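Trainee: Quick note on numbering: this note's numbering labels position 52 of the sequence shown as 57, and the sequence is numbered without any gaps.
Just so you know, the hints here were simulated from the structure itself, not pulled from any lab data. Be aware that one or more of the hints could be misleading.
[Said to hold, decoys possible] Subject to a maximum C-alpha distance of 30 Å in a straight line, what follows is the list of computed DSBU-like cross-link-like pairs (lysine-lysine):
1. K80 <-> K24
2. K94 <-> K124
3. K44 <-> K24
4. K124 <-> K30
5. K30 <-> K94
6. K124 <-> K24
7. K71 <-> K44
8. K30 <-> K105
9. K80 <-> K105
10. K80 <-> K44
11. K44 <-> K30
12. K74 <-> K105
13. K30 <-> K71
14. K124 <-> K71
15. K94 <-> K74
16. K94 <-> K44
17. K30 <-> K80
18. K71 <-> K24
19. K94 <-> K24
20. K74 <-> K44
[Stated by the list, open to error] Label pairs and their calculated CB-CB ranges:
21. C145 <-> S65: 15 to 21 Å
22. Q25 <-> Q79: 41 to 47 Å
23. A12 <-> E127: 18 to 24 Å
24. R76 <-> S43: 17 to 23 Å
25. D22 <-> F101: 18 to 24 Å
26. D59 <-> E127: 18 to 24 Å
27. T102 <-> K71: 37 to 43 Å
As the structure is a computational prediction, the values presented were derived from the model and not from experiment. Ideal placement from N, C-alpha and C gives every residue a C-beta, glycine not left out.
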Amino acid sequence: MDVYAIAPGVITEIITDTKQGYDAKEGARNFKIVMYISKEIGVIYHFEAALDNDTGEALSLRDVRKLIKVRQGQKVDAGDIIGQLPFRKYETHLHFTIAKDAREGDNIPCPLTYFTEEKANEFNELYGNVYTYDSTHDICGNEY
């Protein structure tokens with residue numbers, strides 16, 4: 006599956022084995038691409054490829070390098086393919102984070118500020134329908 010840049014930006018970091026995420030404790034090689042779309046806003050793509058469903062093998066470093074379609078320092082445009090996520094088992098997935106400073110994951114800005122009020126309300130309603138475990142907070146962590 007192709008993974009695309011969400012906006013114009015610069016690739017600032019590529020990690021070929023994060024040692025984090027799905028199957029990581031069993032040796033899966035999950036990888037990460039970080040890009041900045043402004044001076045302060047970073048986008049983190051964490052590819053969790055998992056172990057192969059049939060063989061139980063991890064991706065090789067060579068495999069990971071083939072899946073990463075950008076290089077550190079490269080400028081990209083919105084819609085450019087930056088990487089590929091191979092389907093290895095049903096648990097294979099991608100974490101996508103927008104952070105105020107991609108080096109500090111706890112500084113994530115409220116995503117609703119990027120949308121019109123109408124769209125923000127729609128997203129908040131969807132969030133409320135999906136995440137019912139905490140009905141006292143909205144998508145940005147604000148109390149109702």
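Trainee: Each hint needs a verdict: does it hold in this structure or not?
Mentor: Evaluation of the provided hints:
1. K80 <-> K24: Given pair K80, K24 holds - Cα atoms ~27 Å apart, limit 30 Å.
2. K94 <-> K124: violated, 34 Å
3. K44 <-> K24: Given pair K44, K24 holds - Cα atoms ~28 Å apart, limit 30 Å.
4. K124 <-> K30: Violated - the C-alpha atoms of K30 and K124 are around 39 Å apart, more than 30 Å.
5. K30 <-> K94: Roughly 16 Å separates the two Cα atoms, so the pair holds.
6. K124 <-> K24: Violated, because 36 Å separates the two Cα atoms, which is more than 30 Å.
7. K71 <-> K44: OK: K71 and K44 at ~29 Å, within 30 Å.
8. K30 <-> K105: Judged against 30 Å, a Cα distance of about 29 Å means the pair holds.
9. K80 <-> K105: holds, 19 Å
10. K80 <-> K44: Holds - the C-alpha atoms of K44 and K80 are around 14 Å apart, at most 30 Å.
11. K44 <-> K30: At roughly 34 Å apart (the allowed maximum being 30 Å), K30 and K44 break the hint.
12. K74 <-> K105: holds, 24 Å
13. K30 <-> K71: Judged against 30 Å, a Cα distance of about 23 Å means the pair holds.
14. K124 <-> K71: violated, 37 Å
15. K94 <-> K74: holds, 22 Å
16. K94 <-> K44: violated, 37 Å
17. K30 <-> K80: It is violated: about 33 Å lies between the C-alpha atoms, which goes past 30 Å.
18. K71 <-> K24: holds, 19 Å
19. K94 <-> K24: It holds: about 18 Å lies between the C-alpha atoms, which stays within 30 Å.
20. K74 <-> K44: holds, 23 Å
21. C145 <-> S65: 15 to 21 Å: Violated, at about 40 Å.
22. Q25 <-> Q79: 41 to 47 Å: Since the Cβ atoms of Q25 and Q79 sit about 24 Å apart, the hinted range of 41 to 47 Å is violated.
23. A12 <-> E127: 18 to 24 Å: holds, 21 Å
24. R76 <-> S43: 17 to 23 Å: At roughly 21 Å between Cβ atoms, S43 and R76 fall inside 17 to 23 Å, so the hint holds.
25. D22 <-> F101: 18 to 24 Å: The hinted range 18 to 24 Å holds for D22 and F101, with Cβ atoms some 19 Å apart.
26. D59 <-> E127: 18 to 24 Å: 41 Å Cβ-Cβ, so the 18 to 24 Å window is violated.
27. T102 <-> K71: 37 to 43 Å: Roughly 24 Å apart at Cβ, these two residues miss the hinted range, so it is violated.
In the structure shown, a violation is registered for the earlier hints numbered 2, 4, 6, 11, 14, 16, 17, 21, 22, 26 and 27, in ascending order.
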